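Keeping their order, the protein sequence lines are chains B and Y. First residue of the first sequence? That's 39 in this note's numbering, and the numbers climb one at a time after it. First residue of the second sequence? That's 26 in this note's numbering, and the numbers climb one at a time after it.
Simulated from the structure, these hints should not be mistaken for lab results. Note that the structure is predicted; figures quoted are calculated from it, not measured. Among these hints, one or two may not hold up.
Unchecked claim - Examples of chain Y residues lying across from chain B (beta carbon under 7 Å, computed):
1. Leu47
2. Ala116
3. Glu128
4. Leu376
5. Glu378
Said to hold, decoys possible - Some chain Y residues flagged as far from chain B (calculated, every beta-carbon gap over 10 Å):
6. Gln65
7. His148
8. Gly225
9. Glu239
10. Ala341
Glycine included, every Cβ here is placed at the ideal spot set by N, Cα and C.
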Amino acid sequence: MAEEHVAEELLRRFLRAEVSPEESRRVVRHFVAGCFDCSELARRLSRQLGWLGPSSRPWEERYEEVFARSLAFASREERRIALEKLRGWGQWAFLEPMSQHERRALIESDPGYHTFGLYDRLLEASRLAARTDPAAASAIVELALAVAGRLDPGRLGHRHIADLRAAACGELGNAKRLASDFPGARRAFDEAWRILDEEGSDDPYDRARLLSLEASYLNDLGEFETAESALDAALLLYRQVGDLHLQGRTLFQMGDAIGHIDPDRGLDHIRRALPLLDPTREPRIELCARHDLAWYLNDLGDPDEALAVLEQARPLYASFPDSYTQLRLHWLEGRIAASLGQLAEAESVFLQLWEECRTRDLHHELVLLSIDLAEVLVKRGEAGRAAELAAQCHPILESWGLHRYALAAWLFFQETLAHRRIGNLFQRIRTYYRRHWLNPVEFEKHQTGPA
Amino acid sequence: MSNEHQDHISGDRLERFFLGQLSEEETQWIVRHLLTSCPQCLETAALVGRRSGIFLLDGELDAPEDAVLTDTAVDILGILQECEDERTRRARDRVQGAALLAELEKTPPGERLALIREDARFHHRGLYDQMLEKSQESARNEPRAGIELASLALTVLDLLPRDRYRPVALNDLRIAGLAALANARRMAGFFEQSKQAIAGAWELLEDGSGDPLEEANLLSIEASLWCDLGQLDRSAGILDRAIRIYQQIGDDDRSARMLVQKGLVVGYARPARGIAILREALDLLNTDYDPRLELCAWHNLALFLNDAGEPREALAVLEMTRPLYLAFGDRHTQLLLHWLEARIACSLDRLGEAELVLKKVTAEFERRGMRHEQTIAALDLVQVHSLHASLH
Numbered sequence: 039m040a041e042e043h044v045a046e047e048l049l050r051r052f053l054r055a056e057v058s059p060e061e062s063r064r065v066v067r068h069f070v071a072g073c074f075d076c077s078e079l080a081r082r083l084s085r086q087l088g089w090l091g092p093s094s095r096p097w098e099e100r101y102e103e104v105f106a107r108s109l110a111f112a113s114r115e116e117r118r119i120a121l122e123k124l125r126g127w128g129q130w131a132f133l134e135p136m137s138q139h140e141r142r143a144l145i146e147s148d149p150g151y152h153t154f155g156l157y158d159r160l161l162e163a164s165r166l167a168a169r170t171d172p173a174a175a176s177a178i179v180e181l182a183l184a185v186a187g188r189l190d191p192g193r194l195g196h197r198h199i200a201d202l203r204a205a206a207c208g209e210l211g212n213a214k215r216l217a218s219d220f221p222g223a224r225r226a227f228d229e230a231w232r233i234l235d236e237e238g239s240d241d242p243y244d245r246a247r248l249l250s251l252e253a254s255y256l257n258d259l260g261e262f263e264t265a266e267s268a269l270d271a272a273l274l275l276y277r278q279v280g281d282l283h284l285q286g287r288t289l290f291q292m293g294d295a296i297g298h299i300d301p302d303r304g305l306d307h308i309r310r311a312l313p314l315l316d317p318t319r320e321p322r323i324e325l326c327a328r329h330d331l332a333w334y335l336n337d338l339g340d341p342d343e344a345l346a347v348l349e350q351a352r353p354l355y356a357s358f359p360d361s362y363t364q365l366r367l368h369w370l371e372g373r374i375a376a377s378l379g380q381l382a383e384a385e386s387v388f389l390q391l392w393e394e395c396r397t398r399d400l401h402h403e404l405v406l407l408s409i410d411l412a413e414v415l416v417k418r419g420e421a422g423r424a425a426e427l428a429a430q431c432h433p434i435l436e437s438w439g440l441h442r443y444a445l446a447a448w449l450f451f452q453e454t455l456a457h458r459r460i461g462n463l464f465q466r467i468r469t470y471y472r473r474h475w476l477n478p479v480e481f482e483k484h485q486t487g488p489a
Numbered sequence: 026m027s028n029e030h031q032d033h034i035s036g037d038r039l040e041r042f043f044l045g046q047l048s049e050e051e052t053q054w055i056v057r058h059l060l061t062s063c064p065q066c067l068e069t070a071a072l073v074g075r076r077s078g079i080f081l082l083d084g085e086l087d088a089p090e091d092a093v094l095t096d097t098a099v100d101i102l103g104i105l106q107e108c109e110d111e112r113t114r115r116a117r118d119r120v121q122g123a124a125l126l127a128e129l130e131k132t133p134p135g136e137r138l139a140l141i142r143e144d145a146r147f148h149h150r151g152l153y154d155q156m157l158e159k160s161q162e163s164a165r166n167e168p169r170a171g172i173e174l175a176s177l178a179l180t181v182l183d184l185l186p187r188d189r190y191r192p193v194a195l196n197d198l199r200i201a202g203l204a205a206l207a208n209a210r211r212m213a214g215f216f217e218q219s220k221q222a223i224a225g226a227w228e229l230l231e232d233g234s235g236d237p238l239e240e241a242n243l244l245s246i247e248a249s250l251w252c253d254l255g256q257l258d259r260s261a262g263i264l265d266r267a268i269r270i271y272q273q274i275g276d277d278d279r280s281a282r283m284l285v286q287k288g289l290v291v292g293y294a295r296p297a298r299g300i301a302i303l304r305e306a307l308d309l310l311n312t313d314y315d316p317r318l319e320l321c322a323w324h325n326l327a328l329f330l331n332d333a334g335e336p337r338e339a340l341a342v343l344e345m346t347r348p349l350y351l352a353f354g355d356r357h358t359q360l361l362l363h364w365l366e367a368r369i370a371c372s373l374d375r376l377g378e379a380e381l382v383l384k385k386v387t388a389e390f391e392r393r394g395m396r397h398e399q400t401i402a403a404l405d406l407v408q409v410h411s412l413h414a415s416l417h
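Put together the whole structure using the sequences plus the hints.
This is how it looks when you write it as structure tokens:
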């Protein structure tokens, strides 16, 4: 497996059973893969620690012992937290059917709820809800904040509790972003920064995580370059702590932010991200990075290479059978087919996806897909059908309450298709709806004309 | 991917490559590496190819050794280029297949068979591949749709132009199609019909190319069927045969997959044995290959540790694996996590929490129509209630 060797410092801690479960898992996996170099290092360190002497038992036995210990808790504290988390989900199951007011009252009055375990599980519950019900997710994070504010400073320390409060504020900002409450998101992020700056422990992980969440918010607002800069700052922090996977994750996010308007730069970020990503930590990020790689290669006029990347990623797509991932896969297939000149096939795929996006109320995706479909129709010499499609979309867009410039841009798109004055229209309108989906700015008509 | 991939390819690996015993990813990497005309690997490939008789041509025995090697290397490059072209063709076919499937799905189910028969565009290998893949996917949530897709795929196969495919290749494709059909029927609870499809596939396998991968795949599906029918020892025995095949061809990824499957079959009745098998599987797992399989192995390891009376170890494993559960993020995976947590809580005498979570999990299984899981979770709930009663 292509992975970094275990650092000596980490291995020392592992042998002394002082690692986190995640670190422990990484070390065990690395040894299981049979790394000769690290086995040698472990043998040397074991001698230094007095484990291995001339009459010591064989290394395999010691290894078995280490493996067995990896299936146990390294400390009482770790076990206590694990039990708290176990209990936390039961507490959430009890709280969930109540009104928000009742939940809050119970949390405030009962010290049994003032635990890190419940705080952690509430954040988990909010992340799960964020995908389907962002408003509910915001309410759950507010409970986590209430719990964080009542944690025992004697046990956890004021600064650590401040970090937890800031993290919850960051998650609240994210939930509000997903609920399209952008002013609310901004306020939550500002509060998170205030807590970190004034009360926090200056943990680089917390700052980098907040930068990453804030970048997603900037991305939604179409401020791709600012998002990229924020992520660059996060990348620096992850470099300082030497976390390769999170460096890879951040580079992926940078590529994802900028690549749709600048595929060259996006490709560069993604290519740097892929060797750093650890698929055992976040398999979905690995898939998303490969997906973007194929997408940008196709955008840059290399559909054969995009197809090769797609083929290689197919088993990973199969690991995520959810409908949104499959929709993205088929969209990529359609775009590659279009670039390869398989226009009838591309049309067929896009038509199916169009129906799916409409049924599932995927507004932004529907608009971008309609542009792709219109482009294929024009290439097939059916500009009339493309104009009809645009006309069919207009009342749908109107019903969503889009900003007036976005609607005006669509009318312009529709008219241009009808009058066959297309030029470089598709790329420009695509970029417009990516950048100004939420941000009301007029579409620059004066730049449009035959290329 | 191994370090070898970054440098040169060993003779042993090349031999397995020529015998078609490597995974698709490894094969693709080797093809691409050789296509860069790496002189060292081409020479090794030529030697291995000649040694195994793959590239020994008429009259070569009289030619000087160097000349033969050079010619063979050129031959290898030619063959590899053809392989690469074929791979690209297959990839393009799959994209076309996705489009044809999209078109087919617009047609009402009752009219799809007629459309396939009438319209030659649907007599397409890429469509066949996509239909089999989709049938597996559908079988999880809508078993009957999975059966319909696998059956239609077999019709597509019957209609593929005979002059474009070798009979042996068509035979292998049919085995894969019948295996998919058997699996979909099993998941829908049509066990006798599933057995029939498996029997049909075994008959074809005897007349086919003898591809060990097809045989092992079929064994895996048959093992799942016997497991569903409660014949756990029989199922484990069949999986042992599949494991032997993968071990013989040196495919660690698939060996690990079979070991995980065997661990599940064995572990429900004998948790300690299941733990040992799953640990063996985890040693072999290459997580680049299938992270969900890794999660499955860790999840069941925790489950069996709990069942074996080691809830603290189970909790430690769960804690270690928690980030992976969260990384997948889908509702089904979270449900399994919470179910496991409830079982561990029960073993740790935290009955109140176990009860609350089990009630929620059972209700969610019911809402999702997951009858089997709902029944087992309800039994867990009954157990918690009786423990509660005995305490009071």
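Hints and how they fare:
no.	hint	verdict
1	Leu47	violated, 14 Å
2	Ala116	holds, 5 Å
3	Glu128	holds, 5 Å
4	Leu376	violated, 10 Å
5	Glu378	holds, 3 Å
6	Gln65	holds, 21 Å
7	His148	holds, 15 Å
8	Gly225	holds, 25 Å
9	Glu239	holds, 18 Å
10	Ala341	violated, 5 Å
Violated hints for the displayed structure, listed by number in ascending order: 1, 4, 10.
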